[in-house]
Amino acid sequence: MSANAHPDSTDLDRIHSAVKREKADLPPESQPAPLWATFLLMLVAIVAGGQLGPMAGGWSFDVSNPFSIAAGGMDPRPGADGAGATLDPFALAMKKGASGYAICGGCHQGNGAGLPGQFPPLAGSEWVTGGTERLIRVVQHGLVGAITVKGQGYNTPGGMQPFGAAMSSQDLANVLTYIRNTWGNEGTMITKEMVQKVRDEEKRATQWTEAELQPFADKNVEGEIPAGPGATAAAAAK
Amino acid sequence: MQTTPDTSETDLKADNLRRAAIDKSVKAPVLFLFTNGAFWLMLSTILGVLAAIKLVEPSFLDGCPYISYGRLQPAHINALVYGWGVQAALGVMLWIMARRSGQELKSGKSLLITAGVFWNITITVGILAVLMGKSTSIEWLEMPEFTWPILLVCFLCYAWPIARMFGRAIRPEGFMVSTWYILGACFWFPWIFITANVALHCLPGLGALGAGIDAWYIHAVILLFFVPVGVGCAYYFIPKITGQPIASAQLASAGFWTLAILGGWTGMQKYMGGPLPAWMTAIGAATGVLLLIPVGLVGLNHHLTALGKHSAVATSPTLRFVFFGALFYPVSGLVLAMNSAFWTGSGLQFTQSWYSFQVVSLYGFFSMSVFGAIYYIVPRLSGCEWLSVRLIRNHFWFSVYGISTIVIMSLVAGWQQGADMNNPEHWDQNFMNHVLNSRPYVVSRAVAWALISFSNLMFLLHLLLMVVGLGRRSSAPTLLYSHHDEHAPAHA
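As they're listed, the protein sequences go chains A and B. First residue of the first sequence? That's 648 in our numbering, and the numbers climb one at a time after it. First residue of the second sequence? That's 131 in our numbering, and the numbers climb one at a time after it.
Among the clues, some could well be false.
What the hints assert, rightly or not - Here are the computed lysine to aspartate or glutamate pairs in the EDC-like style, where the Cα-Cα straight-line distance is at most 16 angstroms:
hint, chain 1, residue 1, chain 2, residue 2
1, B, 264, B, 275
2, A, 670, B, 275
3, A, 670, B, 139
Please keep in mind that the hints were generated in silico from the structure rather than gathered at the bench. Just so we're clear, the structure is a prediction, and the values are computed from it rather than from any experiment.
Full structure from sequences and hints, please.
What follows is the structure, encoded as structure tokens:
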């Protein structure tokens with residue numbers, strides 16, 4: 648495909664026209680860079696520096712989670728796993744339960760007061776502070792039909808959905824401990840083992856009604872209470 | 131090479147002849163690379179369309195194992211990177227270095243062509259192997275293991291004469307501005323390619339680190355090979371066509387060295403929070419953000435250079451492509467910084483926004499700049515002018531719309547995917563729902579690749595006509611908006 652193959656390749660003027668019309672290569676100038684650009688780039692450097700620090704995990708080859716530094720340091724994020732290690736089981740359950748309650752709060756409201764006629768209150772409710780067996784069963788399997796709480800009648804179409812299938816027994820225990828000890832409520836801690844015990848005993852696929860739950864109203868699930876109100880001595884020693 | 135206004139008429143003539151002789155000396159290898167690259171680009175974009183269709187409609191052409199998504203996507207990216215990207219880059223590097231150094235390609239032309247042929251045969255075999263299920267499953271290195279030493283040798287066959295031209299050049303003031311990027315690309319690619327391949331294919335028991343090395347490889351190839359070639363193109367062609375000198379030699383220098391220092395440190399942040407030593411991902415994240423500095427310096431320099439001289443963008447095809455390529459450079463830097471920083475990266479991790487970065491840097495920035503270079507270089511080599519304004523215009527607009535769509539849609543899709551996955555409200559949603567939610571974005575990706583395929587078809591036809599010498603016989607350049615006076619400002 649040499650240029651000679653073209654019939655009119657002798658036309659040097661045309662062949663070279665492209666190079667002829669080119670502009671010369673110019674040396675660069677030395678215009679000053681604007682000051683704002685310098686500040687912007689400094690900002691970039693600061694943001695970039697923020698990726699190092701605690702994120703680098705102490706520059707150790709053994710640390711892949713930047714939040715648990717090899718020497719047993721604490722997770723710097725609020726409410727994270729590392730922080731929980733120093734809390735007692737009750738305080739930890741309260742802390743985790745508080746974030747788990749976000750799901751419940753959609754109906755029972757953030758202040759636990761519920762909505763009149765629709766969603767019963769949790770604050771001061773005998774269903775919450777009473778027997779732990781009934782409380783676990785309600786959340787585990789759901790509840791349907793008219794019920795009476797603190798002397799008021801409530802009836803939500805469809806009732807309360809079962810949450811047991813979607814939550815681990817630990818998460819469920821945390822949330823229940825939280826609602827039993829907030830808004831002026833006081834009750835014993837509900838542990839993972841207690842929730843698991845109810846789960847193993849009762850495998851129903853339908854929601855409870857108030858009448859069905861009546862036998863469990865004042866019944867507490869057996870189990871050690873490691874901390875908090877009414878902690879058992881054996882567990883406290885552990 | 132340097133011409134100043136007071137040069138006498140005879141010197142100018144001699145200079146023209148010298149440049150024409152340089153063009154003639156590199157004609158065969160450069161046109162070979164461009165033509166083969168354009169074929170691979172065509173294939174790659176078609177595979178891209180098919181891969182996107184498979185994402186939306188997995189039963190499309192069901193029962194044909196060669197075009198399952200897991201084979202199409204790597205074939206598409208490998209054809210884009212090695213078939214089109216590296217070949218087109220080598221062509222542009224060879225031509226710009228020859229021109230800037232004022233050196234003709236004296237000998238070894240047959241070696242260059244041979245290396246080019248071997249490069250293409252190897253990639254053909256490699257991509258066929260990927261489609262037949264023999265992929266190595268290492269992203270961007272899916273072609274079977276035996277291909278990489280061959281590709282490396284072929285690359286070095288080109289890198290050597292380019293580096294030698296640099297060594298022999300008489301270096302006038304400002305010589306480095308575009309050439310150091312080209313020279314850097316010559317050395318960086320072999321380094322990155324050898325490191326990644328030796329580590330991934332020869333070292334036993336890498337475990338999770340292998341994935342990190344692969345992520346580093348992808349980013350290093352983009353930032354230390356494709357980006358330098360694109361920036362080198364922009365630094366060469368913007369002043370050449372506007373007739374306006376680069377605004378600041380100091381900014382150019384700072385931009386180059388910050389890229390050279392930072393470019394090889396990023397990539398592993400892809401696995402932030404994963405089973406890699408935390409400091410590796412932290413450094414990758416910090417560098418990914420810091421790379422905004424070289425990006426900003428180059429962008430600022432181009433901005434100061436082109437300030438008030440944007441009119442040539444309307445007429446010159448080269449400037450238009452290079453200019454839009456240069457606009458995509460800061461965009462690619464921002465996408466990389468967002469993927470890298472822990473605050474945004476925790477949401478964008480493992481989402482389509484990483485694909486967005488690959489496309490914007492490899493196609494939006496690098497390929498657009500190289501298209502511009504090709505529109506400038508080919509008429510000088512083939513001795514005829516581009517045939518059709520309409521073909522160029524369509525190539526440009528379909529490319530711009532296609533790339534912008536892919537980049538924006540992948541970014542938004544990535545943002546949505548990440549936010550959905552991290553949202554505690556979605557605790558009861560299964561993973562498939564998130565996948566289905568991103569379907570509209572993938573549809574737009576298929577449409578965009580189809581637009582780009584169409585634009586590439588026009589580019590390929592146009593280039594083939596030029597290469598076989600069927601271009602316009604004229605001494606006037608092909609401009610996008612023709613002036614009535616043929617001897618009016620020549621921007622092409």
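Structure-based check of all given hints:
no., hint, verdict
1, B:264 <-> B:275, "holds, 10 angstroms"
2, A:670 <-> B:275, "violated, 47 angstroms"
3, A:670 <-> B:139, "holds, 15 angstroms"
Consistency note: the structure conflicts with earlier hint 2 alone.
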